[in-house]
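Below, each chain spelled out in residue letters.
2 protein chains.
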Amino acid sequence: MRASNEPQRNTAAAASASLTSSDASCGGRVFATGAVSSNVCMIRVSFGELRGRIERVLLKLGLGHRSRLAAQLIAETDRDGVRTHGIARVPRFAEMVRLGRIDPRAEPKRVSNFGALERWTGHRGPGNLAAHAAMARAMALARENGLGAVALADTTHWMRGGSYGWQAAEAGFAAMCWTNTLPNLPPWGATTPAVGNNPLVIAVPRHDAAGRSAPIVLDIAMSQFSYGTLSAYRERGELLPFPGGFDERGDLTRDPAAIERTQRALPIGLWKGSGLAFVLDVLAAMLADGRATYEFPSDPLQEVGQSQIFLALAPSALTSMEELDRIAAGAIDFLHTATPIEPGHTARYPGEGTLRIREESLRLGVAVEEPAWKALLQLDA
Amino acid sequence: MRASNEPQRNTAAAASASLTSSDASCGGRVFATGAVSSNVCMIRVSFGELRGRIERVLLKLGLGHRSRLAAQLIAETDRDGVRTHGIARVPRFAEMVRLGRIDPRAEPKRVSNFGALERWTGHRGPGNLAAHAAMARAMALARENGLGAVALADTTHWMRGGSYGWQAAEAGFAAMCWTNTLPNLPPWGATTPAVGNNPLVIAVPRHDAAGRSAPIVLDIAMSQFSYGTLSAYRERGELLPFPGGFDERGDLTRDPAAIERTQRALPIGLWKGSGLAFVLDVLAAMLADGRATYEFPSDPLQEVGQSQIFLALAPSALTSMEELDRIAAGAIDFLHTATPIEPGHTARYPGEGTLRIREESLRLGVAVEEPAWKALLQLDA
Numbered sequence: 007m008r009a010s011n012e013p014q015r016n017t018a019a020a021a022s023a024s025l026t027s028s029d030a031s032c033g034g035r036v037f038a039t040g041a042v043s044s045n046v047c048m049i050r051v052s053f054g055e056l057r058g059r060i061e062r063v064l065l066k067l068g069l070g071h072r073s074r075l076a077a078q079l080i081a082e083t084d085r086d087g088v089r090t091h092g093i094a095r096v097p098r099f100a101e102m103v104r105l106g107r108i109d110p111r112a113e114p115k116r117v118s119n120f121g122a123l124e125r126w127t128g129h130r131g132p133g134n135l136a137a138h139a140a141m142a143r144a145m146a147l148a149r150e151n152g153l154g155a156v157a158l159a160d161t162t163h164w165m166r167g168g169s170y171g172w173q174a175a176e177a178g179f180a181a182m183c184w185t186n187t188l189p190n191l192p193p194w195g196a197t198t199p200a201v202g203n204n205p206l207v208i209a210v211p212r213h214d215a216a217g218r219s220a221p222i223v224l225d226i227a228m229s230q231f232s233y234g235t236l237s238a239y240r241e242r243g244e245l246l247p248f249p250g251g252f253d254e255r256g257d258l259t260r261d262p263a264a265i266e267r268t269q270r271a272l273p274i275g276l277w278k279g280s281g282l283a284f285v286l287d288v289l290a291a292m293l294a295d296g297r298a299t300y301e302f303p304s305d306p307l308q309e310v311g312q313s314q315i316f317l318a319l320a321p322s323a324l325t326s327m328e329e330l331d332r333i334a335a336g337a338i339d340f341l342h343t344a345t346p347i348e349p350g351h352t353a354r355y356p357g358e359g360t361l362r363i364r365e366e367s368l369r370l371g372v373a374v375e376e377p378a379w380k381a382l383l384q385l386d387a
Numbered sequence: 007m008r009a010s011n012e013p014q015r016n017t018a019a020a021a022s023a024s025l026t027s028s029d030a031s032c033g034g035r036v037f038a039t040g041a042v043s044s045n046v047c048m049i050r051v052s053f054g055e056l057r058g059r060i061e062r063v064l065l066k067l068g069l070g071h072r073s074r075l076a077a078q079l080i081a082e083t084d085r086d087g088v089r090t091h092g093i094a095r096v097p098r099f100a101e102m103v104r105l106g107r108i109d110p111r112a113e114p115k116r117v118s119n120f121g122a123l124e125r126w127t128g129h130r131g132p133g134n135l136a137a138h139a140a141m142a143r144a145m146a147l148a149r150e151n152g153l154g155a156v157a158l159a160d161t162t163h164w165m166r167g168g169s170y171g172w173q174a175a176e177a178g179f180a181a182m183c184w185t186n187t188l189p190n191l192p193p194w195g196a197t198t199p200a201v202g203n204n205p206l207v208i209a210v211p212r213h214d215a216a217g218r219s220a221p222i223v224l225d226i227a228m229s230q231f232s233y234g235t236l237s238a239y240r241e242r243g244e245l246l247p248f249p250g251g252f253d254e255r256g257d258l259t260r261d262p263a264a265i266e267r268t269q270r271a272l273p274i275g276l277w278k279g280s281g282l283a284f285v286l287d288v289l290a291a292m293l294a295d296g297r298a299t300y301e302f303p304s305d306p307l308q309e310v311g312q313s314q315i316f317l318a319l320a321p322s323a324l325t326s327m328e329e330l331d332r333i334a335a336g337a338i339d340f341l342h343t344a345t346p347i348e349p350g351h352t353a354r355y356p357g358e359g360t361l362r363i364r365e366e367s368l369r370l371g372v373a374v375e376e377p378a379w380k381a382l383l384q385l386d387a
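Those protein sequences? They're chains A and B, same order as listed. If you want my numbering, it's the 1-based position in the first sequence plus 6. If you want my numbering, it's the 1-based position in the second sequence plus 6.
Simulated from the structure, these hints should not be mistaken for laboratory data. Nothing false has been slipped in among the hints.
Okay, derived cross-link-like pairs now, SDA-like style, lysine to any residue, Cα gap no bigger than 20 Å in a straight line: (1) 115(A) with 325(B); (2) 66(B) with 130(B); (3) 115(B) with 323(A); (4) 115(B) with 70(B); (5) 66(B) with 54(B); (6) 115(A) with 323(B); (7) 380(B) with 98(B); (8) 115(A) with 129(A); (9) 380(B) with 67(B); (10) 115(B) with 325(A); (11) 380(B) with 78(B); (12) 380(A) with 62(A).
Partial selection, computed: residues in chain A whose CB lies under 8 Å from chain B: (13) 194; (14) 258; (15) 281; (16) 284; (17) 321; (18) 346; (19) 347.
For glycine and all other residues, C-beta sits at the position ideal for the given N, C-alpha and C.
Turn these sequences into a full structure, and let the hints guide you.
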């Protein structure tokens, strides 16, 4: 759901539309405006070329035959408009492989299990591959048991959390997954970081009236704005559309630079998101018998060993998909009847914008930021 | 977690402390200040008397032998300081029984199952009894399968959602449960209510250093402030400590009366909480094959037929409770090291304040609002 002033990565529809107009400062190439991460030149690359380039980089990094799946997940992230978590992350991934923090050959393995609950270790291999394997296993457990969960310890950054929600929902499963992170948010009532922004994903399978898979996928971190978003606003000289943290006087502020100075970003829902972030961390660490947020150093290049949960549920074990689709359609239709703040800008369900961006990406090419694209090509050089 | 300006029901420690001072306007009885719901005279009642009085009311309403458990759950709610959801709710419950909306004799029953996933119906019986039975069943499934879930359809208001989190965590299970509600929040980007505030509970079992059960229990609705909280601030002539909704001009405001006029309360995390509320509703309705938010009329007296999810996980199936306690202790200790905004007011984990209030309630008597107590006695007359 969004408003026109929502600075959210998943709602780049406005930006994508303006991609078709060229801008002189961009050397005649398309230029995006309006979205947070679009203060740079944008180009369009076919999905096949994008995936292929990423795959070559990952092959060089030593991921072997698994390079294809890992590249697919990254390319899909840009395809869906989540530019902060696609190729933009590949240079850091490469650097962490080079530093030995990520073992490109390590494969996830089951450590223990009881019924439909399993514990796995990622062995600090590529985080998106471990997460994909963990969700696939949770789905297999749900197929047998109605629901299933995999708690994954000692993994690395999963990149786009929503990937594993789409993975499950497109196969007919409802899913919930989350990861912990290094401490990057002050808990409510404090001024220094002590909880992570611990992204949470909830996905629901669904088909639209034409029978096409059109899942509902929520993918949210527990901070209202990421530091990447704050710096993008600051660079453009803009205020945030809503308060995003505290200034030096301890007041809520829309000034991104003030929040960067205090490092007091705001949790969603104030004390509520602070509590939610904490409990997601503890539950993930306990189920995975892995690291909790407090055990991570503050350097992102050393942020390895995360604990993650992958829970899959099989509603279709109890009800026909037609009935499930009827329930979802009723809720979506009702949502769309809410009076919009701006005429014509109907409230949207989580994932609704993604399908439009995806269609556009496949039709016109995936919109990528030119610096991120160039950085990828350099890794392939 | 809290700050001193947090207007949260679970953090009535300051109010409880001032209960020991008397106030003339209260007829010499104790008077609470500082907490949201304390603009009225408070009295202390022993837990046994409180539970007994509630039980007699429920017996009269026709709950039979189940009156004792239902009364226990309600009395525990006041004991833990959650005054908005304890005896304050009993008159409405009685009215709904009188109107035939709640069937006091209806018992929850299993409708279908597959593996560790079951679907139950509440038959519109007392909502707290159905929820308690559903969580008990989810725990039994988790004991056998590592995890288990019960989706409950056609139930009634569960009163305090946290009850079922404490129920699970004190028995050694991690748990997650949520309910949908009538539409009471505008989705992001809209001005009219189309999502519920769908409370979510996450509970984690834990023991403190002395070996006492001290779970971490988060219990949050998706609205930043309830309408009950807004009216309490308005009646005291106070501004909210943080923005709680939109005024007539569409700006965020701390003025509770303005939000009551627009009925545009704020979801936690703005677009994030709006999306979370929506997906919790759809997932609950689909798993339970029950009502979604859009199917509820706007009259709270007709808010029956909710869909709820009860998920239990058994971390101790894979790890010793000692190791689990070690992980939780590390996270809590780290949280407590964060620099407090106000010296001496350490950030707290979800549930931390509850244990203090509970201890005080059992030692001094449960603090109840005099009007709520009198209303209960009238139902017992």
